[in-house]
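Asker: Use these hints to put chains V, Y and S onto chain L, whose structure you have.
4 protein chains.
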Amino acid sequence: MASNSFGTLFRITTWGESHGKAIGVVIDGCPAGLEISEKEIHQELILRSPGQNPYVTPRKEADLPEILSGVFEGKTTGAPLSILIPNRNADSTPYHAIKEMLRPGHANYPYLTKFGIFDYRGGGRASARETACRVAAGAVAKKILKHHNISLVAYLQEAGGVAANIPLENIETTRTLTQQSPVFCPDENTATAIMERIATAAQEGDSIGGIVAFCITGLPVGLGDPIYEKIEANLAKAMMSLPATKGFEIGEGFQAARMQGSTHNDIFQSDSGEITTQTNYAGGTLAGITTGMPLIGKVAFKPPSGIKKAQPTITLEKKEATLALPKGSKHDPCVAIRAVPIVEAMCALVI
Amino acid sequence: MASNSFGTLFRITTWGESHGKAIGVVIDGCPAGLEISEKEIHQELILRSPGQNPYVTPRKEADLPEILSGVFEGKTTGAPLSILIPNRNADSTPYHAIKEMLRPGHANYPYLTKFGIFDYRGGGRASARETACRVAAGAVAKKILKHHNISLVAYLQEAGGVAANIPLENIETTRTLTQQSPVFCPDENTATAIMERIATAAQEGDSIGGIVAFCITGLPVGLGDPIYEKIEANLAKAMMSLPATKGFEIGEGFQAARMQGSTHNDIFQSDSGEITTQTNYAGGTLAGITTGMPLIGKVAFKPPSGIKKAQPTITLEKKEATLALPKGSKHDPCVAIRAVPIVEAMCALVI
Amino acid sequence: MASNSFGTLFRITTWGESHGKAIGVVIDGCPAGLEISEKEIHQELILRSPGQNPYVTPRKEADLPEILSGVFEGKTTGAPLSILIPNRNADSTPYHAIKEMLRPGHANYPYLTKFGIFDYRGGGRASARETACRVAAGAVAKKILKHHNISLVAYLQEAGGVAANIPLENIETTRTLTQQSPVFCPDENTATAIMERIATAAQEGDSIGGIVAFCITGLPVGLGDPIYEKIEANLAKAMMSLPATKGFEIGEGFQAARMQGSTHNDIFQSDSGEITTQTNYAGGTLAGITTGMPLIGKVAFKPPSGIKKAQPTITLEKKEATLALPKGSKHDPCVAIRAVPIVEAMCALVI
Amino acid sequence: MASNSFGTLFRITTWGESHGKAIGVVIDGCPAGLEISEKEIHQELILRSPGQNPYVTPRKEADLPEILSGVFEGKTTGAPLSILIPNRNADSTPYHAIKEMLRPGHANYPYLTKFGIFDYRGGGRASARETACRVAAGAVAKKILKHHNISLVAYLQEAGGVAANIPLENIETTRTLTQQSPVFCPDENTATAIMERIATAAQEGDSIGGIVAFCITGLPVGLGDPIYEKIEANLAKAMMSLPATKGFEIGEGFQAARMQGSTHNDIFQSDSGEITTQTNYAGGTLAGITTGMPLIGKVAFKPPSGIKKAQPTITLEKKEATLALPKGSKHDPCVAIRAVPIVEAMCALVI
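Residue numbers (this note's numbering), protein chains in the order written: chain L, 1 to 351; chain V, 1 to 351; chain Y, 1 to 351; chain S, 1 to 351.
Okay, chain L solo, but in the shape it has when bound:
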């Protein structure tokens, strides 16, 4: 079944495998007259690019995007944008040894059963590499949002059990601090502690999970649609479509389930002529429609399944085996870090 498209009016369709020739995205429904360049898209891709620092997987990927259509004399024409990102560094020999094994926590078992075929060279289509396409499309979406004065930021809020408490008074400051941090965590102390946790896990050949928070400001009151197209429902689907996600929260999330109504209800007030709420436990949405308060939420990422530590498993023929990832293979110790710009991109795509 066709399942590689996201969105209705502004729709992206992604394609490509981690070890194929290239990956890419077609963006359909982009308004005409928007200035966009390959350089701008590249800038966003650099952020999620591995090999930027020791805390993410050391595969070097140039991620130089090429706009193949939809732009004429520097501006979009209303025709679909086709963006292609070539694949490099695709030596797949290390994977030959493990191609018969079921990899714990990994896509190869359900994919093999569903499709009868699995590109054993990497995650194939299920690889996090697909998310580069989302970031490229997100770069275009963010330019559109900028025209509407909508700002957004995502950051690493927790990893390996170390959590940061980030005030969101000034979203632009948070954004700057986030981009300066090697682990995309705007709080320096937390960032340092997280880096230590990652270093320890990496030494053990292990991996850790993490939580990414997002915040969107400048939204008008009234975005989102009743019943089945609530804004939090579409955000949830977008986030839970990312690799390695296990949970989604809007506003206080699961914590809200432990509060009483008299506390959780955000009290309305007139704030120099504007209607706001004293608190924002709801996270900027009531009954699926934006209230004008910042839209805030969180996404939980599991620890990546690809670890160097040896693990028992079986083969498709049900023989016992031990999976030890090949020395040449490269893996993220904490996928939540690279997920930060991707969550930001998905926010932009949903809005």
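Identical copies look the same in the list; a pair holds intra-copy or inter-copy alike.
Below, simulated EDC-like cross-link-like pairs (lysine to aspartate or glutamate); rule was C-alpha separation at most 16 Å, straight line:
#1 K143 <-> E40
#2 K319 <-> E274
#3 K21 <-> E66
#4 K142 <-> E40
#5 K318 <-> E274
#6 K319 <-> E100
#7 K146 <-> E35
#8 K319 <-> D271
No lab work stands behind these hints: they were computed from the structure.
Answerer: What follows is chains V, Y and S alone, placed relative to chain L:
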């Protein structure tokens, strides 16, 4: 924008307001030859019906459904099923007094801004009454699943801070215990403690939140589609489209973000010829596709916003006011209870 | 597969069989604040109602619609409108005798094979009765179009080989003449000739086909979308989804295939400051997008398959048989007449 | 609005302009395990490629497709196929002179008004070049159909007023004769007469229209869905989404509107144990669902608007002007010829 439909091949479209003549659902894509009766649908509706016990809102609703089309001589014909549920007990006079006020935590502010009109008599379209239609459609979906030997259960796992730990060895036992409990919690001690918490909150004119867990067994390996149509993404959207939901988890959810890869990875084993995993932290899905293990997850519900306690607020004209819900009005102290059969219905609809 | 909905932003979902309790439509995506009443919808339904004159099937159907939701104090609320039309006059006894036979030109063979079940009492879901729902929804759509000064008309252009040549200078005049004609043909001489042809066919227990033309004025330049959502593509799908349609044309249609480019190209001119074309062979659209000229086209309807004349056929068990429709059964001698308001409704729904 | 995708379960998304770097298509929903090669796709592209003979536009396009994803070791993996076709021969200098003019019968006026921007170098996105992507996708679809023993053929049935009468006893013979004909017309005498008509039109700097017929055999009974997803409705949309189409017919089409029911009704018979009909006026479908008889229909193409003959027009600023296409520009005298493989591709995509 059209937003009252859910699903692609099996699609439901719901309509109706809490204080209108009736509500209903059109089910399109139901296979021909399925035996279904108004009585069976009624049975499911009774479960979510208010007034069953003191722990849910005392409005009496008969919820007698009428099948208007799509069934001939007791069997579905492949044509759309139209199910109508008349509304009763719709005295809206108590609401007149508060029709100008912004109700904290309630849909009326964003709806008024978006549509310029709001049926002040209740939640209108945003009312939890819409979920009766989901339960009716879920009753049909469950009959289809039964033909494929798929079982599912949802239950109240936590409310007011009191949590149960439910073993899921036998899903049918859990289902029976759940339906016997006045608060849909299969663990008796937890149920009692939750009832006390509800009683206290109700006395204070307050409300509490809760968490509903679900478990689906008998699924084949390979359900769900890669990238944007992952099974957890569609479940997340389904659940976050329910009124009052604030969070969604699959498997360990946010707890997974605090684990290490070597622990979180579920080890594959050959279990009397079948491929299973020793643990099920992933919750029955890898990369968006079912693994054959039980599909498990949780949904967080906020404390209902409609409370009797007086709350400060403003009117649309930004005048200060105090909102005290009228004496005649009836509200759930804990919406998560009634949400149990609805979460179960949404599970059935997604699968 | 779900196939009873039409449209994306403004979406209708119809349900109900010709011999069931009722039929109905859910209209989703209707803007809030539109004044609409059951009386207005009834007015449109009367036009397509059988039994109005001897030229259409004599079944008496009151077609009194009931708006069950989506309207509050006379105005739409943005919530889905549910409109129900009860069925009357549903004596199905006459059909018992022929329930085993394959009816030539009729839906019962492919339906039986596809669904394994067929409501032999009439056309079931495939009956033209479903189109009453389209007319009801079209009544709502036309009210929206009226706000945008868009006018439309459909009329019987040809039947039984007799064709009218209708000048479209004044669309309102054509509309009035059409509604005054017992066969919806605005040219009186043609109407008379067509009525004679129908009388002859009816006497022979036979039926005739016909062609319905449509014209939409007041459209802005730029409606429709490139490539797969061209306005003529969506109109074609809408019309070819009507029962008994066999062909669709935009502008000159098949006649255009017999012209030369130098003749067929409509020459642009400045007409008191507005850009128009000297001719309108294109029919108001270029490359799928409106040009501002009237959108014109035609729809071909086959002669109805339900005729009183005896016809040879076989049963599902492949035994030879003779089909003679029961005396009590009622059939249109020319379905194209009743199709006129339906084509008009579909035009409104597409736009 | 997103409008560059076609299909739901098997969905294609096309991108690219006639004078850009490349064009391409993403095919989503292709089953895993299908053998497909660039060579096979190329073979189909050659058929619609211009410059094959003097009867179609002399632009030389190599149309060498590159499969960028979705195929591993020669077989599809279930992941989306991305196929890229580079553009050559894109000298756009000749077009500079006419970039301000409204071109009669051409997309530039509505596109300019809708998007505020138009790639004046050719048809841009509206160019027939986009159809190369449909043919490439059609090549994949045809391979899937072959596995189900479904055959299809399209051929030029009429052009410039000269029509052929093609018996469809043997669809494979018709296919062979069609591919041998320089104008894709399986009847040699008609082909010769059409070539003369084209030569005359070309000499006059003019163009002619044409009609393409299609025939699909081997379809099971029961394909297509009731009401809004009738097979003829989806075929009509597919065909009317092609550039230059003005009409669509299924079975007898408009001729059916001139027949009586007793003649038009196809009589059922038992044909060596199979249920068939004596005639096939319906064209293989009843009430939107296939009957097992060949699915036949026709598509009307207008004469191409791009002609060398000088034509009066105006500019966007409403000044009078004369449009004479530049000497270097190249145009089809009869677009219906090249449309033949495209109609065939669209048939394959719909089925």
